[in-house]
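Here is what each chain is made of, one letter per residue.
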Amino acid sequence: MRGFWLICVLLLQGCTTSVVVVGTVPTPLVARIPARIGVYYSDEYKHFRHQEAIRDSGTWNIDLGAQNLSFARNLLGSMFQSVEEVHEPPLTTEEMTDLDGIIIPHIKKYGFLTPSISGLKFYSASIEYRIVMFDKTGKKIGDWNIVGYGKSEGGLFGSDEAVNEATVLAIRDGGARLAIELIDQPAIQAWLKRLASQDQAGSVANSIEEEV
Amino acid sequence: MLGFRSILILSLVGSLAGCVSSRIEQQRVAATGITGDEAVVLLGRASYNDKQTEESFTDCLANALTKGKNPIRLISQSQFMDDLYPWFEPRTAPTSANELGELFSQPGVRERISEYNVRYLAWIEGDTITIDSGGSMSCTISTFGGGCFGMSYWEEDASYEASIWDLQSMTATGQISADATGTSYLAGLVIPIPILARPGNAACKGLASQLKDFIIGDS
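So the protein lines, in turn, are chains A and B.
Residues in the first sequence are numbered consecutively from 1, following this note's numbering.
Residues in the second sequence are numbered consecutively from 1001, following this note's numbering.
If you're looking for bench data, these hints aren't it; they were derived computationally from the structure.
There's no promise every hint is true.
Cβ-Cβ distance ranges computed for the label pairs, FRET-style [stated by the list, open to error]:
id : chain 1 : residue 1 : chain 2 : residue 2 : range
1  : A       : Ala196    : B       : Gly1068   : 53 to 61 Å
2  : B       : Gly1146   : A       : Glu161    : 28 to 36 Å
3  : B       : Gln1026   : A       : Gly58     : 44 to 52 Å
This structure is a prediction, so every number in the text was calculated from the model and none was measured.
Every residue, glycine too, gets a C-beta built ideally from N, C-alpha and C.
This is chain A alone, in the form it adopts within the complex:
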């Protein structure tokens, strides 16, 4: 009887595909945004997993948390003047002393398609990110949705490798959009302008104090 249950468990396990997403983490070649930023990664973001049961190809367990986190750390670290990981906002005035703002990335949705579903030759993946930014006082600067897409040829890899590849490309695509487009957002431009004028006012006040 014990053997029967063991066989059942093994058969059920056979229908589950587990993928731990692993890929390269390129450093973006972009001009740094002149701001000191605090970033909050929630536990959900750090350990993001996707589970889905697909007819004909069983249950998929996709763990993209680690790859996504290391990608975001590298990306944001290259995009801003300085980056510091912080706890969940709100932060105290003291904690915000050396920061100009806070950025919070979220994963809103993750999805993937196998060739049997899409009817195409490719495995494809998409990730929808929500990026929220707050200024020094805790006022929201903006809120943006970014969707990253990736696809991978099914023929060259096993299905798990193809899903991994498509997911890595989707993370990369989302990161590319953020790296290029964030600086051009009107709300970011206005915030940077405010920061520059505050810096200017601060340096004028300092020079007056020194003179006195």
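Once you've looked at the hints, dock chain B against the given chain A.
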């Protein structure tokens, strides 16, 4: 141990190849040339519809360009895309040579490309699709033996285009297109005998040879 007859049959089967007809066309806009220390990057165009240049095709091209007479120095696509991230991703890459000026104004881009001494970018676009198929074949197996009977066929069309950009003059220097079609057969005469046409391979060889001549130019 294989007998002489078996070896003969296997050799015959192995040598059966379907016919492929191919056509290569070239359009040159500017003079080209390359020195020994200059490099080329082959980039497969990817878009988020149902088409994408297969990695196997760009690998085949890279293999043909780096070997034989007058080999060309290539920088791998993945290394180039990583080192110039995020500027050559499917949705951020320049779509025409006119956008190169703006791209080169981004901090670090010109320096990184100079570091590699990349002279030309060759964008490879296209794919191989099955345009027709038919016939039927059935295989059976029993305690008394088994076999396959019938015949099936499929026709494939490989259509690719290379657009070559000169990063020194920041202009498009020309285009080369390769089209190849071929029909493959699978005949079931007790054992299944494949007669394979490989239009993708023919397009790769034709395009690689023409691309090499095009880049070398008068140099």
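Any hints this thing doesn't respect? Which numbers, in order? none
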